Amino acid sequence: MIATSEVMSELSSGWFLEHAWLIPIVPAIGFAIIILFGKKLPMKGSEIGLLSMLSSLVLSGGAAAQWISRVNSGAEGQFIAPVVRTWNWWQIGGMKFTIGQSIDGLAVIVLVVVAFISTLVQLYSTEYLKGDRRYTHFFAALTLFSAGMLAMVVAEDTILFLLGWEIMGLCSFMLIGHWWEDGANSRAALKAFFTVRTGDMGLLIGISMLYFASNEWTTKHLGVSGFSIRGISAWALSGEANSRVILIAAVALFIAAIGKSGQFPLHTWLPDAMAGPTPVSSLLHSSTMVVAGVFLVSRLYPVFFTGFHIMGSGGNFITIIGGITIVIAAALAFVQNDIKKVLAYSTVSQLGYMMLGLGAGAWMPAVFHIFTHAFFKACLFLGAGSISHSASHHSFDMKKDMGGLRKVMPITFATWIISTLALCGVFPFSGFFSKDEIIDNVGHNGYQLFMVIGLIGAFMTAAYMTRATYLTFFGEARGASAGIHHDEHNDAHASAHDAHDSHDAHDAHATDHADHGPHESGWRITLPLVLLAILALGSGFLNAVPFGEKWERITKWVEPRHSEFAPELHHAPFTWSKAGLSLAIVFVGIALSWGISTMLYTRKDKRLVGLTERNSALRVGYNFLMNKYYLDALYEKVIVKAIAGPIAAAAYWFNQNVLDGILHAVARTSRVVAGWMYRNIDQRVVDGTVNNSGKATKGFGGVLAPTQSGKVSQYGALLFSAAAVAALVLVIINS
Amino acid sequence: MLVNQFLFLAALLFCIGVYGVIARKNAVLVLMSIELILNAVNLNFVAFALRNGNADGHTFALYIIAIAAAEVGVGLGLVLLIFRNRRTISLDDLSEMKG
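Chains as they are written, first to last, in our numbering: chain A, 340 to 1074; chain B, 289 to 387.
It cannot be assumed that every hint is accurate.
Stated by the list, open to error - Okay, the calculated beta carbon distance ranges per label pair:
1. B:R374 / A:N427: 49 to 55 Å
2. A:R526 / B:I355: 45 to 51 Å
3. B:Q293 / A:R526: 47 to 53 Å
4. B:I355 / A:N996: 34 to 40 Å
By construction, these hints were calculated from the structure, which means they are not laboratory data.
Every value quoted in this text rests on a predicted model; they were computed, and no experiment measured them.
In this text, a Cβ means the ideal position worked out from N, Cα and C, and glycines have one as well.
The following block holds chain A by itself, in its conformation from the complex (with noise of 0.2 Å):
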């Protein structure tokens, strides 16, 4: 290891950064136990998943307190190594398959917010699935899931980490598919799961190549194989990788990341994820499945770092894609009338920021707005489901069934508008210190267009926001939420489902509702929701750049070391001019937004209902956003009907032309030669032949006949009696 400062000191370890591996084979353990015996458990398994999630924060918090006094032991600005164990997993000929874990400050922060996450949404889940036919296997599922994620983290190698993605990838088809009675609900399922599985095929390229790039190198220089993540981190940066490689097996990565992540193209199989129950959509949404792809950029971000010329250059492929994304999801939103695509198009936006920061060189604002992130988002989706679950009949659409909720879910509506601001990234709300700080380390390190595409974003961001605020808990109580429960109840139900995909059904609640109307929830979702929202007001204080280097403590704690594992990187000074034009804008967004919706949905104002229908040029532009692009259109109309359109016609035309008609010229030849051949040879030579022959036979085979007893299991003995009798020989003769 190569010294970057002269003093070094001893790094200090413990028994849970030594033990980190345990975080992930706690909850798998705990999904065998719920899938073999949950039925049979007084709680149905939820206690388990509970229990092993809890085991798990507790195992991260342990690792997290390890890991800064460990960086505290360390020298000014020496590496912090990290704790590396590894086991062999098999071995063939001379390679040398091994996983293990390698505890970092990014794992240890990501690994803290997803226990962290998962073990509110198992509290929530016990009380927004009670009754659920499948409760059981939902836990089981939830569980899993969070495994596969914090298996991902914890990885040493890339094989490790591929496990953890696919874990994820399947656990996702189960939970969004969760209620698959409803077609839609299953259609997402795998509409998820294939169009995840498309950028997955990049993750594959990707570690193969650079296994065989680099293990080579790694082998000579660190005594790891190219599977390991230090070793290709160290690889990438050393100079010495081919350049055009490095860049391919970016590339790929990136499609991975860019399937996973929800970013521009492959977004649009996360809007439809929302049919899945709330509690999954809040943990595949907020900090674990989609944050697997920007987190995989970060972890190898050496590879990305050398193979985009990230800070040589003024914009690059994930730069570009990452602006695209934060804009068009942004546009998207302003469009739904469903709670939770709101906020699914919103995740997408943000995580086009995240992309965007890494993108740029902004490594540390990126992985700390993963850190807040996952708290107001996740707090915002549980919120949607508070409201569904208590007070708008399970719908989701704010324009029918909700409407003036604040008073009568008073603690939902203060956690929703805390973490409201703090998605939109008002001072001094998280979001704030980490979207900000993208905005403006991508400035600083020369990506000034794509920081006016931070700015637009953070404008549409806050004023989307504010108009599914307005439309939820402001004006007039309308549908479900005003205690008005539309047609007789079954009916109600069915038609619901047809008009939106997301709508949760649950089977004991269809029977529950007549007697009550809109209220409050029962604690197990209110205390997630308050605990979220504590965090999302405070958690970005661990990070607070505009107060000095001291308050930078997530920076200290989480952001390697230049060496020669981890490339410069440069932060911006915090400059309270440009953060006044960022919170400028945002408030501008709000009181514009909010003025908008006041006049449009409560005053409903002439000049501005229905003038989408009036004005052709807008009109173009609200079919163009309803219709998401055209982009599911393009995917499964154009792409597939391709394929399956005029390849197959081509295939048949082949076929019909081609083949058959080689085929035909075949038969006719042989028909000549055939009746020349029918009346010399065959009826004079052959037929002689065959008659005695035939005859011979005939009295043969009465001879064998009963052995042909269509007894499948005589056949096999004789079969086998003669490969007995052949092996026999073969000894024999060898011998």
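With chain A held as given, fit chain B onto it using these hints.
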């Protein structure tokens, strides 16, 4: 020495499989027995690959696993169809092909 134990285990598995194929009347159990035979072969491949120190045996084993999966798919499909048509999967009742 180590390889021997693998081979004994494989031989044992193979014999159990052969016994199942010959003695069992239930088509599904026969399919399972065939799986046992295949896996006995797999074990041999892996054991010899370990002894010879190259990856050929592993590759074969992986191929066999993949093909065995396809085979089970086809086999179970056949069993299902037979059951639909005949309401039985006892192999003794399926002896129309006698000579």
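> Which of the listed hints are broken here?
Replying inline: 2
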